[in-house]
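Protein sequence lines, in the order shown, are assigned to chains L and Y. Position 147 of the first sequence, counted from 1, bears residue number 147 in the numbering used here, the numbering being contiguous throughout. Count along the second sequence starting at 1, add 1000, and that's the number in the numbering used here.
Treat each hint with caution, since some may be false.
Listed below are the simulated EDC-like cross-link pairs for lysine to aspartate or glutamate, each with C-alpha atoms no more than 20 Å apart in a straight line [said to hold, decoys possible]:
hint : chain 1 : residue 1 : chain 2 : residue 2
1    : Y       : K1206     : L       : E160
2    : Y       : K1031     : L       : E116
3    : Y       : K1193     : L       : E116
4    : Y       : K1206     : L       : E116
Calculated from the model, a selection of chain L residues having no Cβ within reach of chain Y, i.e. all distances over 10 Å [what the hints assert, rightly or not]:
hint : residue
5    : E116
6    : A124
7    : E160
8    : G175
9    : H229
10   : V257
11   : N262
Calculated directly from the structure, the hints in this document are not laboratory data. In this text, a Cβ means the ideal position worked out from N, Cα and C, and glycines have one as well.
Below, each chain spelled out in residue letters.
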Amino acid sequence: MKPAIAPEEVYPELAVYSDPITTIESLPMVVSEDVTPAIEVVNLTVRYGQVPGCEAIHFSAFPGERIAVIGPNGAGKSTLFKAMVGLLPMYSGSISVGGESCAASHFRVSYVPQHESVDWKFPANVWDVVMMSRTRHIGYFRAPRKADRQAVRDALEKVEMWHLRHRQIGQLSGGQRRRVFIARALAQKAAVLLMDEPFAGVDASAEAEIMGVLDTLRELKVTIIVSTHNLGQAAHHYDKVLMMNRQQIAFGPTAEVFNAKNLSRTFGGFLTVWQDQSPYTVIADDSCHEC
Amino acid sequence: MINVLATLSLWELIQRGWDVLLRDYHWFITKPLEIALLQRSLEAAILVGVLSGVVGSLVVVRGMSFFADALSHSILPGVAIMYQRSRAGDVPDIPGVRDANPLLWGALGAGIVSTFLIGFLTRHERLRSDTAIGIVFAGMFALGIAMVSRVESYAGDLTHILFGQILGIGPQDLNIIIGFSMVVLLVVIIFYKEFMLISFDPLLAKTLRLPTEFFRYLLLLLIATTIVVSLQIVGISLMLALLITPAATASLITHRLHWMMILAALMGSASSIIGFYASYHLDVATGPAIVLVATGMFGVVFLEQTLQNQVRWGLYRLRQTQETSPTNT
């Protein structure tokens, strides 16, 4: 979709913009003396062989915060998530969870994979899937105990899926499927929840449903980091935004960093932004139509 | 009315058949068991039915049927080596190996070698896993055939290896089958939740810091052992059916893994029993008879479910028209 008006006409600074990519020192970091960040990513670089997956990512998230990670396809969002949860080795940098080194506490970070990568025909019901996350708490050679069953029950009640616990996972709607995986993170007692494209392929009502559950999690002081393509949603429903395209473009409170300049740099000029007073209006996204 | 008549006559038919069965109970059921060899075969077949149902469930949910088929063919060289040596009277003097069927141990060795070879080739995703499996499978199978072909009169023996020879089961073989079955079942029960987690979500297993590679190889070893134990019952070429079919039937009925395993074990052993008697009375080879019964069970369950869905859909449509018709008129 070609915009009728060139972005330069709406935002003159786009045309003259020529700064180098933001360095870490200039990022607006939240400095808090009394609260330990739930997760702190320091100058993280992940590489596949010599190919960089994501470079120099640097941010921290506090308990109960909700952060959107946005960037075009292939920007390294999934790579970042996999490194944060310990599935990919770090090339350089470090991650700490709740002030501890991540080597001992990766299991306090829960990762909800992309919807397509789950085998929905697997013979397991909702209860089974949530109980799986207790495997480490239960330990080897043991059956689930009362505490484990209670944790699963609590988690399912929080996401309002308790009445559907006997359903096979393939018989659930899109919103319900995501809620099961959120319950799994809760039962795992995770402090940080990473969700990879949870809103891909769900309708508006399911999206509202998931957002409602995320509000519940905020009360439980769970930090939620979501990668999303939905820029309109990113502008409204998150405390902070991390913009990346291989490198980190910007990180900070939504009101500060969610602007045309940063978006344009993130999406490489393919994205055109109109901003009418307050609510953000985002139109035209060529880079995503190619995929 | 016609329907009622049809069901009545069907019922009479069943009753008459049941009478014949009761009258000839001895001839039908117990007579084959008077021969110790046949009794042993039946026991072995039931055990193998249970074992392959349980392990086969894991194979089905992980989509590993090609691996299982390949592995069953790759054990041929091991069988061939032991076969040549036993013909030459040169059996290793190890207790258990000496007394029992040496082919079993050869098969187990080759199974383990193939498992690690496939595991090694697919590591780091340098090759697609089905490609690696195909290469090892065809290579090992060709090696086995080449080795067997050096022995005179090999055609008959090869048939036994390929299609099973249930009557060749000696008392020692049965003990070995019992032992291996118990070990495999115990391992599956002990590590049930770990196997389930790794099959459903390997990423979560890794984030929970479970030794996923260890469990992957353990599962491959369990499959190899199951195949070796079942070797004499159904042979190399029908092995896959024993692993896949009862588990697939069970997966149509239930949607929980442990029920799937239990049901598959029941159906596997039922196929073994029915197939055993069918093979005795109809004079058919035992392996194919067992597999045909298992396949028949699958067909019945599949058809039943399809019909049920059709009926449900039909009823739904009927209700829809009934609901809408009064408003239309």
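Do the hints match the structure? See the list:
1. Restraint check for K1206/Y and E160/L: the C-alpha separation of about 28 Å exceeds 20 Å, so the hint is violated.
2. Between K1031/Y and E116/L the CA atoms are separated by roughly 56 Å; this puts the pair beyond 20 Å, and the hint is violated.
3. At roughly 23 Å between alpha-carbon atoms, K1193/Y and E116/L are farther apart than 20 Å, so this suggested pair is violated.
4. Pair hint K1206/Y plus E116/L holds up; C-alpha atoms about 19 Å apart against a cutoff of 20 Å.
5. For E116/L, the requirement that its beta carbon stay farther than 10 Å from each beta carbon of chain Y is met, with the minimum near 13 Å.
6. With a least CB separation of 6 Å from chain Y, A124/L falls inside the 10 Å interface cut-off, contrary to its annotation.
7. Every CB of chain Y is more than 10 Å from the CB of E160/L (nearest about 22 Å), matching its label as outside the interface.
8. Listed as outside the interface, G175/L is consistent with that label: its C-beta sits roughly 20 Å from the nearest C-beta of chain Y, beyond the 10 Å cut-off.
9. Remark: the non-interface label on H229/L is consistent with the geometry, its nearest Cβ contact in chain Y lying 21 Å away (cut-off 10 Å).
10. The claim that V257/L is not at the interface with chain Y holds, since no C-beta of that chain comes within 10 Å of its own (minimum 29 Å).
11. No beta-carbon of chain Y is positioned within 10 Å of the beta-carbon of N262/L; the least distance is around 31 Å.
Hint compliance for this structure: hints 1, 2, 3, 6 are broken, all remaining hints hold.
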